[in-house]
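Novice: The lines below spell out each chain.
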Amino acid sequence: MILLQVVVSGLLMGAVYALFSSGLTLIWGMMNVVNFAHGDFVMLAMYAAFFAYTLLHLGPAVFIPGAALLLFVLGVVVYLGLVRHIARGPMLAQILGTFGLALVLRYAAFWAFSANFVSLPDTLVGGTFELGGLRIEASRLLGGVLALVITIGMHLVLTRTMLGSRVLAVAEDRQAAMLMGIRPDRMQALAWGVGAASTGIAGALIALFFYISPTVGESLALIAFVVVCLGGFGSVPGALIAGLAIGVIQALSAYLIGAVYQDVVVFALFLLVLWIRPQGLMGTL
Amino acid sequence: MKQWPLVLLGFVVIAAWPLLTSDVFLQRLGALVLLSAISASAWNLLGGYAGQVSVGHSVYFGAGAYASLVCFTHFGWPPIAGAPVGMLVSMLIAAVVGTPTFRLRGHYFSMATIAAAELARILAANVPLLGAAVGLMGPPVPRSAWDLSFISPIPYHYLFLAVLTLLLALTWQMQRSKMGFYLAAIRGGDRAARSLGVPVLRYKLYALLLSAAFTSLAGSLYAVMIGFVDPDSGLGILISVKMVIVAALGGAGTLFGPLVGAIILIPLEETTNAMFGGSGTGVTFIIYGAIIVLIARFRPGGVADLWHSLITRGRRGAARGA
Amino acid sequence: MLLEARDLTKVFGGFRAVGGASLDVAEGEIVGLIGPNGAGKSTFFNCLAGDNPPTTGTIRFRGQDVTKATPEAHARAGMARTFQVPVTFEDMSVAENVMVGAFLRHGHRAAARRVAEEVLAFTGLDHLADTRAGSLGTPGRKRLEIARALATEPVMLLLDEALAGLTPAEVRLAIELVRRIQQRGITIVIVEHIMEVILSLAERAVVFHQGRVIAEGAPRDVVDNPEVVAAYLGHHMKRVRRG
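Protein chains in written order, with my numbering: chain Z, 1 to 285; chain A, 1 to 322; chain C, 1 to 243.
Be careful, since some hints might not be right.
What the hints assert, rightly or not - Every beta carbon over 12 Å from chain A, so not counted as near; a handful from chain C, in silico:
no.: 1; residue: Thr9
no.: 2; residue: Thr55
no.: 3; residue: Glu118
no.: 4; residue: Gly124
no.: 5; residue: Ala129
no.: 6; residue: Thr167
no.: 7; residue: Arg180
no.: 8; residue: Gly185
no.: 9; residue: Ser200
no.: 10; residue: Asp224
no.: 11; residue: Pro226
Stated by the list, open to error - Simulated pairs of lysine to any residue, SDA-like, Cα-Cα distance not exceeding 25 Å:
no.: 12; chain 1: A; residue 1: Lys178; chain 2: A; residue 2: Pro199
no.: 13; chain 1: C; residue 1: Lys68; chain 2: C; residue 2: Thr55
no.: 14; chain 1: A; residue 1: Lys178; chain 2: C; residue 2: Asp51
no.: 15; chain 1: A; residue 1: Lys178; chain 2: C; residue 2: Arg105
no.: 16; chain 1: C; residue 1: Lys68; chain 2: C; residue 2: Ser42
no.: 17; chain 1: A; residue 1: Lys178; chain 2: Z; residue 2: Ala254
no.: 18; chain 1: A; residue 1: Lys178; chain 2: C; residue 2: Leu128
no.: 19; chain 1: C; residue 1: Lys68; chain 2: C; residue 2: Arg109
no.: 20; chain 1: C; residue 1: Lys68; chain 2: C; residue 2: Glu4
no.: 21; chain 1: C; residue 1: Lys68; chain 2: C; residue 2: Gly78
no.: 22; chain 1: C; residue 1: Lys68; chain 2: C; residue 2: Leu2
no.: 23; chain 1: C; residue 1: Lys68; chain 2: C; residue 2: Val213
no.: 24; chain 1: A; residue 1: Lys178; chain 2: A; residue 2: Asp305
no.: 25; chain 1: C; residue 1: Lys68; chain 2: A; residue 2: Arg103
no.: 26; chain 1: A; residue 1: Lys178; chain 2: C; residue 2: Gly107
no.: 27; chain 1: A; residue 1: Lys178; chain 2: C; residue 2: Glu90
no.: 28; chain 1: A; residue 1: Lys178; chain 2: C; residue 2: Arg109
no.: 29; chain 1: A; residue 1: Lys178; chain 2: Z; residue 2: Met91
no.: 30; chain 1: A; residue 1: Lys178; chain 2: C; residue 2: Phe122
no.: 31; chain 1: A; residue 1: Lys178; chain 2: C; residue 2: Arg212
no.: 32; chain 1: A; residue 1: Lys178; chain 2: C; residue 2: Ala111
no.: 33; chain 1: A; residue 1: Lys178; chain 2: C; residue 2: His127
no.: 34; chain 1: C; residue 1: Lys68; chain 2: C; residue 2: Arg212
no.: 35; chain 1: C; residue 1: Lys68; chain 2: A; residue 2: Leu104
no.: 36; chain 1: A; residue 1: Lys178; chain 2: C; residue 2: Val155
no.: 37; chain 1: C; residue 1: Lys68; chain 2: C; residue 2: Val85
no.: 38; chain 1: A; residue 1: Lys178; chain 2: A; residue 2: Ala304
no.: 39; chain 1: A; residue 1: Lys178; chain 2: C; residue 2: His108
no.: 40; chain 1: C; residue 1: Lys68; chain 2: C; residue 2: Asp7
Because the hints were derived from the structure by calculation, they are not lab data. Nothing here was measured: the structure is a model prediction, and the numbers come from that model. We treat Cβ as the ideally placed atom computed from N, Cα and C, and that holds for glycine.
With the hints as extra help, turn the sequences into a complete structure.
Specialist: Here it is in structure tokens:
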């Protein structure tokens, strides 16, 4: 029974991982560039939610879309101001660019918000459900279910709409897309916007039940790498399955081996997968 | 190289530095610049020359720092005697971890190195033999001269200068030899390099082994001078990041790039730390982050690249004048 | 035979890019591989060069089985190549690019430098020796790739569309270079879709279509082969012959 409890809470957390990892995989699939600041985007969204509540007294119904919008703008700005210019540069520049951005965001947060952990009140989305002997906090349930729905929605928009197919066309073949009258630059800016917006929603959701600190993005970024790599680079459904799996693996290893080792298991798994299948578990390079 | 007089002048200034000032802060600064130049130059062998951007070199730095203080804590050796142990352990880790990781290219390689380093940090924080989260201390008072425990930074300055000179001489020799050409070819592209008979994996491994050994030595020297290591100061991701930034600012893949980067960044870091006290680290890394964003965006070749274009422009200007 | 490739197939996923193609190359020849786009000639070529080993079949080079050998082993065995899209080492100078090739047989810098200088003179790149490779245009890069390959002192040179994208004047210069390379005793296999090049350069043409060899022989005869004309050369050939 406890094991089932652990698995369910792992799945709920995993759905949130899936959401922000989908953003990373989208960016990756579009332009073969990793956003090393992805985890710090999530951190910013968490603080955005926190301050929206404590300073402006706004509820989740406002600050979740608000964080999404804020991060969308940040994503587009980062693309236009930085990524667009380094994407075809030397490898070192590609890696340093977003890595430097991560440092700036992380330590600016240290400076502005201090290193202290903060959190939203538990009562914001209060209550606990009892379901057939399982106890589930409402905030985690909301987070997990909403993340799942949005991730699936993202996949549907990408595969079923005109706009989505234009984005995918650029990911598939930039030249061909240009011949069809699609402007790759706009689609890539959009991908960065949407990718960042996914961290906006995910961050606001995590803030409902998780502590907030300037360094929280560091481990979240690594988790996103793991998910993207397991799920196949550029695949949203892959990220969904891998995100859920990582959530469960993390919860199980925390329960069975101890909380300090939950990330050890995830990182070790990541290295193992990269070593055995450099192209990722489900994807092709 | 036509810039030998300049190099000689630089060497003389650096060698004379601690004698030019009696300010201990400035003397210490000199030693710290050299130490940072050693680790960044060691990173440069793999990250710069071979173009394999490791963001996990803290593993080797930490192995060196921990080896020194483990040898002291558990066997009573002088910390410096742990340096060769650390170098051996680092080369072993490099061989085991590096071989499969080198099949990854570009971003994947960097991601894997970060994950490996984080793994090492978390593990070290939970191993009692390594002092767990508290860390390890060096000898509180020197037992003999071999403990290399000095109050004045000057002896460290010359120790570090000797190591840096050795490392740069070795790098210079390598750069001109077959290995230097092969590493540059690998940086230019695996596929073309292999078509010319370059055994890519083998040469990446050579570069990593050399790089890991010297990064480890830098870690040991750090432990000898500071007399303390814990998971963050030995294995934290910022240790790796600093090596990358210092080398990239000066010019990755150039002989003196890392030294130039250290000369610019370390005084900056020490000054902000002194000015802002406890929150100084934060400010330092905001500045560091901003610097690498700017390098990536405007000058991927770093200061070395800027220098070359200035020289070329200068020559052209002179030619026009004449 | 210098090179014997027997019944090579190469399957990607479910797609059969090469389906049972064979090729023999004798010492000293110039052989042209031709065929329409997607005929499998580039895939076949990459199998020969060791870049992408065939799914089935065997390749023997100088009597040794090199079917599964790595690209670097091919280079050591004496098979050099160029790429369809040139990949020069951009931040090295032209001379340094060539020295990378020369280091294969000469461990010392001075010896490698000598070989590179000789090759640069031979390929007419000596005046560009100290230029950064990244600042060359396409013709320069293609020529540099050939120079770099020659510096490995090969027995056989595989040229992958080494003349594509050149102006007619540059094509003539390149043809002349390939002839001089042959005169050095180096056997040449060239993938090309410019018929003019094959007609004036190759002693033997091998035509690929849908992953198979459909014709083989003297270029003039191959061009008249009805099957070949039907397969692809059709209108393209008429133009060449009229001109």
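Novice: Can you name, in rising order, the numbers of the hints this structure does not satisfy?
Specialist: Structure breaks hints 17, 19 and 31.
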